[in-house]
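Chemist: The residues making up each chain are set out below.
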Amino acid sequence: MIEGSQQYWRWREYHLVFPEKRPKQSSIITAGVDIGSVSSKAVIMVNGEIYSISIMRTGSSSPDSAKKVMEWALKDTELKLSDIHYIVGTGYGRVNVPMAHNTLTEIACHAKGANYIWGPTVRTILDVGGQDIKAIKCDEKGKVLSFLMNDKCAAGTGRGMEVLADLLKIPIEEMGAVSLNVDEEPEPVSCTCVAFARTEAMWLLRRGWTKEKVLAAYMRAMAIRMCNLLQRVGCESELAVTGGQSKNVGIISRVESLLGMKTLPMPEWEKDGRDPMAAGAIGAALFAKALHEKAKK
Amino acid sequence: MDFKRSIKEKKYVVEISQREVEELRNSIRAAYDKVIADYVERMKRGWAGRPKVMDYFYEMADFSRREKELIEAKSEGKKIIGYTCVFAPVELILAADAIPVRVSCGLYEPAKIGNRIVPVEVCPVIRSTVGAKIIGLSPFLEQSDALITALTCDGMTKLSEIMSDYKPVWTICPPRLKDTEQSLSFWRSELLTLKANIEKLTGTKITGKSLRRAIERVHRANRVFRKLQNLRKEKPVIMGRDAMLVTQIAMWDDLERWTEKAELLCIELEERLKENNLACPPDTPRVMLTGSPIIWPDNWKLPNLIEEAKPQGIIVADELCSGDRFLYDPVGVDEWTFEDMFTALAERYLMPSTCPCFTSEAGNEDRVNWLINRVKEWRVEGVIYYIYRGCMLYAMEYMRIKHALDHLNVPTYYLDTDYTREDVGQIKTRVEAFLEMLKARIEI
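Protein chains in written order, with the numbering used here: chain A, 1 to 297; chain B, 1 to 444.
Please note that a few of the clues may not be correct.
In silico DMTMM-like cross-links for lysine to aspartate or glutamate, where the CA-CA straight-line distance does not exceed 25 Å [unchecked claim]: (1) K262(A) - E184(A); (2) K439(B) - E20(A); (3) K402(B) - E71(A); (4) K21(A) - D76(A); (5) K271(A) - D64(A); (6) K137(A) - D423(B); (7) K296(A) - D283(B); (8) K402(B) - E184(A); (9) K137(A) - D416(B); (10) K428(B) - D64(A); (11) K79(B) - D62(B); (12) K428(B) - D416(B); (13) K75(A) - E212(A); (14) K143(A) - D406(B).
Hints listed in this document are in silico derivations from the structure and should not be mistaken for laboratory results. Only a predicted model underlies this, so the values are computations on that prediction, with no experimental measurement involved.
Take these sequences, add in the hints, and give me the full structure.
Modeler: Structure (C-alpha cells):
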C-alpha cells in the first residue's frame, strides 16, 4: 500500500463460519445483531452454539448496516435469512434492525454474552464500545444486577483510538503494544475528550514526546476513567472486558495494574467465535433462543 | 426578610431589546405549544382506554385556559401569588382570597436565556425560570402580583434575589434543622411575616375564620390527592405519567375544581380496579422516581421514556416536590383557634418535608423513611434517582438514600441529565437496561 493512503484507524473486519456446528433438521437457529456506533456485529447460533460470526464497520444507516452484517454472517453457510427462527437486535441502533423479532439493550446482551464466553464465574463486565463505556455487574446466569454508563461524551472510547491511530500513523491494532513500549509510564493526559484528542496529542508531539509516550499517556487516562466507573459499580472478581477495546493490550494491562486485579484472558476466538468484541451479538443470539423457546411453549 | 421594591436599583437585569424579547417569546412559545400537544398526544396513545375525565386534565395541561382565567380574575381585582417551591403555604394565600400558582419552570429553551444572568453550572430549573422571566414567557409567572420564594437550596436563594428585580418577592427561610428548640418558632415567625405581606398586598385580613375555611378547602384536596396515590398501590389502573400530570395540575388549577375532577377520576379508577380494567399489564415493572423536581411540560422526558420503553415500566410513586409530596400531608389542627391553626400550619410545612435542604444526625431521616415506606407499601421494584446538573443537594444525598434502599434489596439507578433533548437516545438505553434488569428479577 502506498504510504499516506493507509487507513491506520481501520481495524479488521471479518467473517468466520464453524462448519462443525452446521444445523440439522431439528436445530434451533437464532441470531443476534448488535449495531454499535462504530462496529456492527452479527452472530448466528445453532442450538445456542456459535455457527457463524461477522464484524464490520457501521455505515451511516443502521438498517443498511444491519442488513449487510447479517448477509455477511449468512455467507458460506447453508442458511437463508428465513431459516433463522428468531433474531434479537441490540446496540445503539437496535430499533433499526429491520429483520429483528425483538430488541434488548446492549447492557443485558453483554452480560449474557460474557457469561457464555467465560462461563458463570464472571461477575463484572467492562464494555468499552465505540462511543461509550459501561460497567456491568451480573450473577452466575449472566443476569444484570446493576450497571453504570458514562455520560453522553465519547471520551476514552474506541472512537478516540481511531482518531489517534490516524494522527500518529500507527495501525490501530498495534497501538496497545506500542503504548507499552515506554521506559516509564507518563502522566495521563488531562483530557480524554475525543474532540480534543488530536489537539492535545499534537501539542505533546511538538513538545518532543515520542508516539509511544503520547499513546501511553492517552491510554492511561482512558484506563483511569474505566477504573472509576468500575469502582463506582463495585468491581468484583472475575472481571471480563468486552467490546472492541478488549483487544487493546495497552488498555487491559493498565486497567489491571490500576485495579490490582487480573481480567479474564482473551479466549481463542478464532477457533470458536467467542470474540469479546461480539459479546453483545452473542448475548442477543442467546436471548433469541430463550425467547423463541418461550414463544413455542 | 423582604426584598421590597424599595431597592430601586436593578441588581441582575440584563440589557435586552424589546424586539429580541418578543422574537424569543413568540418562537419559544410556539415550540412549547408543540411540545405540549405532542406529549398529550403520546399520553393519550399510551392509555387508549383512559377515563373520560382525563380529558379535563389534558386540556389543563395546556396553560392557556388557566392563563385566561387568571387574567380575568385579576381584572376583577383578585391577586395572584406565585411560589417557586412547595414550602409556600397555599392555605395562607387562599385565606386572603388570592390565587396561588407554582411558577418554577420546566421549559428547556428558556434555560439557555437564563444563562445570560446565571452561569450554566446552575440547576436548569433556576436558569429556565430566570430565562422565562427575561422574555416574559411563563404565563403564571407573568400573572403573579408577588412571589413567595423559599430559601432552600442555593439556587432558590439566589433566584429570590434575581426575581426581586421584577416583582415583589417574599422570602421564607426554612431552618435546616427541624428538631432544635428554635426551629419551629423561627419558621412560624417566618410565616407570620409572610401572612402580613399577603394581607398588605391583598388588603384582606386573614382571620381565624378565613384561615379555617382555607385549611378545610385544602383538606378536601389532600384527601383526593392521597386517594389517587393510594390507588397506585394496587394493580396499575392509571399510567404513572398521567397520575403525575394530574398531581402537577393541582399546582396551577383552581383547587376546588381540581378536587372535583380528581375525585371523579378516583371514583372511576376504583371501579376499574374492581373490574380489573388495567392501564397496563399487571407484571409491568413498578418504578418510583426520586430526586430533582420533574416539571411539565418539557421535562416530561423521563416519565415518557419509562412508560414508552421496551420493556415498559410504570411509575407507581414518586418522592418529588413537583409530585406526590405536594398535597400529601394535611394541616393537622387540634383546636380551631387562630394560634393553634397557625402552629399546625407551620408544622405541616416543616416537619413532613423531605427536601434535601434538611439535615440531621441520621441524615435527612424523613426522606429516607418516606422512600422506605413507598417501596414497601407501593411494592416498588426499582428506584430511579433523577438528577439534573447543578442540583447539588439531591446529588449529594444519593449515597445516603442508596444505602437505605440497598437494605430493602431494591435496585436504585442514578440517572443524570439536564434540560436538553440531546441525550434522549442515551437515556433511553439506560432506562431500558434498568427495566430489563427489573423484569429479569421479577421473572425469577
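Chemist: Compare the structure with each hint and give your call.
Modeler: Right, here's what the structure says about each hint:
1. For a cut-off of 25 Å, the pair hint linking K262(A) to E184(A) stands: about 21 Å separates their Cα positions.
2. Simply put, K439(B) and E20(A) have alpha-carbon atoms about 36 Å apart, too far for the 25 Å limit, and the pair is violated.
3. Taking the CA atoms of K402(B) and E71(A), the gap is about 46 Å. The hint is violated against a cut of 25 Å.
4. Only pairs whose Cα atoms come within 25 Å are accepted, and K21(A) paired with D76(A) is accepted, the gap being roughly 13 Å.
5. The hinted pair formed by K271(A) and D64(A) fails the criterion: a straight-line CA distance of about 29 Å is larger than 25 Å.
6. Restraint check for K137(A) and D423(B): the C-alpha separation of about 24 Å stays at or below 25 Å, so the hint holds.
7. Using a Cα cut-off of 25 Å, the hinted pair K296(A) and D283(B) holds, with the two alpha carbons roughly 21 Å apart.
8. Distance restraint check for K402(B) and E184(A): the Cα-Cα separation of roughly 40 Å exceeds the 25 Å cut-off, and the hinted pair is therefore not satisfied.
9. Restraint check for K137(A) and D416(B): the C-alpha separation of about 20 Å stays at or below 25 Å, so the hint holds.
10. Note on K428(B) and D64(A): the hinted pairing holds, with a Cα-Cα distance of about 22 Å set against a maximum of 25 Å.
11. Restraint check: the Cα-Cα separation between K79(B) and D62(B) comes to about 22 Å, which is no more than 25 Å; the hinted pair holds.
12. Taken as a hint, the K428(B) and D416(B) pair is honoured in the structure, with Cα atoms around 12 Å apart against an allowance of 25 Å.
13. In summary, the hint linking K75(A) to E212(A) is not supported, as the alpha carbons are separated by about 40 Å, beyond the 25 Å threshold.
14. With a CA separation close to 18 Å, the supplied pair K143(A) and D406(B) stays within the 25 Å bound.
Of the hints listed earlier, those the structure fails to meet are numbers 2, 3, 5, 8 and 13, in rising order.
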